[in-house]
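S.K.: Sequence:
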Amino acid sequence: MKRLDIFPEEEILSIEEEPVISISQRLSVEDLRSDKDQTRLSNLISEGKKLAQEKFNSEDAAKLMSQLDEVDAHMRELVSSRGGLLIYATLDEIYYTHTAIPVDNTVTAGHLPYLLPVIANYQFSHNYHLLVLNQHEISLYRGRGRELDEIEFPEDDAPKTLEDALGTEKEGGQLSHGSYGSRGTDGPQSFHGHNETSSEKEIDRVNYFRVVDKYIYENYSLKEDIPLILYATPDNQSVFRDLSNNQYLLEEGIEKDGSGAHITELKEAAFELDQKLVKQETEDLFELFEETAPNYLIENDPAQLARAVVDGRIESLIVNESKDVQGRINDDGTYEENDDDYYRHLVTRALQSKADVYVVMDDFFSDDQTDITAIARLRY
Numbered sequence: 001m002k003r004l005d006i007f008p009e010e011e012i013l014s015i016e017e018e019p020v021i022s023i024s025q026r027l028s029v030e031d032l033r034s035d036k037d038q039t040r041l042s043n044l045i046s047e048g049k050k051l052a053q054e055k056f057n058s059e060d061a062a063k064l065m066s067q068l069d070e071v072d073a074h075m076r077e078l079v080s081s082r083g084g085l086l087i088y089a090t091l092d093e094i095y096y097t098h099t100a101i102p103v104d105n106t107v108t109a110g111h112l113p114y115l116l117p118v119i120a121n122y123q124f125s126h127n128y129h130l131l132v133l134n135q136h137e138i139s140l141y142r143g144r145g146r147e148l149d150e151i152e153f154p155e156d157d158a159p160k161t162l163e164d165a166l167g168t169e170k171e172g173g174q175l176s177h178g179s180y181g182s183r184g185t186d187g188p189q190s191f192h193g194h195n196e197t198s199s200e201k202e203i204d205r206v207n208y209f210r211v212v213d214k215y216i217y218e219n220y221s222l223k224e225d226i227p228l229i230l231y232a233t234p235d236n237q238s239v240f241r242d243l244s245n246n247q248y249l250l251e252e253g254i255e256k257d258g259s260g261a262h263i264t265e266l267k268e269a270a271f272e273l274d275q276k277l278v279k280q281e282t283e284d285l286f287e288l289f290e291e292t293a294p295n296y297l298i299e300n301d302p303a304q305l306a307r308a309v310v311d312g313r314i315e316s317l318i319v320n321e322s323k324d325v326q327g328r329i330n331d332d333g334t335y336e337e338n339d340d341d342y343y344r345h346l347v348t349r350a351l352q353s354k355a356d357v358y359v360v361m362d363d364f365f366s367d368d369q370t371d372i373t374a375i376a377r378l379r380y
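Once you know that position 98 of the sequence shown is 98 in the UniProt record's numbering, the rest is easy, because the numbers rise by one and skip nothing.
Check the hints yourself; a few may be wrong.
Lysine-lysine pairs mimicking DSS-like chemistry, simulated, CA-CA at most 27 Å apart [as the list claims (entries may be wrong)]:
| no. | residue 1 | residue 2 |
| --- | --- | --- |
| 1 | Lys276 | Lys223 |
| 2 | Lys256 | Lys267 |
| 3 | Lys276 | Lys354 |
| 4 | Lys160 | Lys256 |
| 5 | Lys256 | Lys276 |
| 6 | Lys354 | Lys279 |
| 7 | Lys214 | Lys201 |
| 8 | Lys55 | Lys2 |
| 9 | Lys279 | Lys323 |
| 10 | Lys214 | Lys160 |
| 11 | Lys36 | Lys50 |
| 12 | Lys323 | Lys354 |
| 13 | Lys279 | Lys267 |
| 14 | Lys267 | Lys2 |
| 15 | Lys63 | Lys50 |
| 16 | Lys160 | Lys201 |
| 17 | Lys214 | Lys267 |
| 18 | Lys223 | Lys354 |
| 19 | Lys63 | Lys2 |
| 20 | Lys2 | Lys354 |
| 21 | Lys223 | Lys2 |
No wet-lab data here; the hints were simulated from the structure.
Make a model of the complete structure from these sequences and hints.
M.R.: Structure follows, in C-alpha cells:
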C-alpha cells in the first residue's frame, strides 16, 4: 500500500484504461478507531468486490478482490484519522490518503480513478511548513489541513537553539546581508558573555535568525517546494522577515508566542490561516474567470471541453460536483454519449496536461450561475 502525500501524483494520473476500484469514506469525528468506521469500510470493500466481478473479466476481478483483501487487513490503521479516507485499488498497487474535508461514502469501478474527492481535498488544504520561532530556539512542522507533524532535525548541524547555531559563547558583530550564520567563520570574532547588553542580544538574535533562515530554506523549503508559515511574536516576525531570503515564506504569519504552545494550538492556528488563504484564492479564481474574454472560456459544452482538454488547451477548469454529466472523452478529442462518468475523463485529462482543476458545489456560484456544470479557461 502506498500513501499519497502530494497531489497530483503521477502514478495516479497514469491510471488510464486500467481496472481500478475507487473507495471514499467519511470518517468519524468522535473516535479515531471507531468500530462504526471499520464496519462501514468493510461494507464498502464488499461492495467493491461485487463491482469488480460485474465490471471486469474474471482474471482482473480476482486480482482486484485480492487487493481489497489487503485493504481489509489494514483496516484499523486506515480508519484511524478524521475527515475522510480515499482508496484506489489497481491490479498492481493500492493507493490511499486521508482528507482534511469530509467525503461521501462511495465505491466506483472503472478504467479511471474517481479523482474528484482528492482534488477537492488538496485544493482546500495546502502542504506547508510551520516554523515556530523565538530568540532562543525553533521547531519545524510539516502540515496539511488539520494534520501537523513535527520534523525531527538531524543532530549534526541543525540550528535548533541559539547555542547550536552560534556556540555557547554567542558571537557579536554584524553579519553581511548575504551571509547566514557564523559556524566556521574565518578571521577575528567577538563573543558575548553572560552579561550581555540589549544591543548584544539583538545582534545575537539577528545572527541566529539568519542561520535559521538559511538552514530552513536549503534543507526544507527548497527541497519540498511548499510554503513556509512563520509562527512568532510580532517583534520576531518583523526581524526575521527583514532578513529572510526565503521566497517560500508567506507574507502573512501567525503572530503568537510559540514557546510552550501545545500541538493542538499550533494545529488550529495553522489551519485557520490556511483556510483564510484558501478563501482568498477562491475569490481570486472566481474573479479571474469573470475577467476572462468570452472566446477564452468554454461553459457547459461537453464536446468543446473534450476537444480542448485533449489538445491541452485548458489552463484552469472548474467542475460542479453537484451536477451529473455522463459520457466519455475519446483519444481523438470526440465526446461520446454513454453512461460513463464524464467528469472522470475530463478532470484526469486536464490534470495530465498540467491544468489547474477545482471541484466545487452549487454554492460556489452566484444565484444566476447554478446551471454551470463545468467551465474552462483556455491557454490559447
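S.K.: Which earlier hints can't be squared with this structure?
M.R.: none
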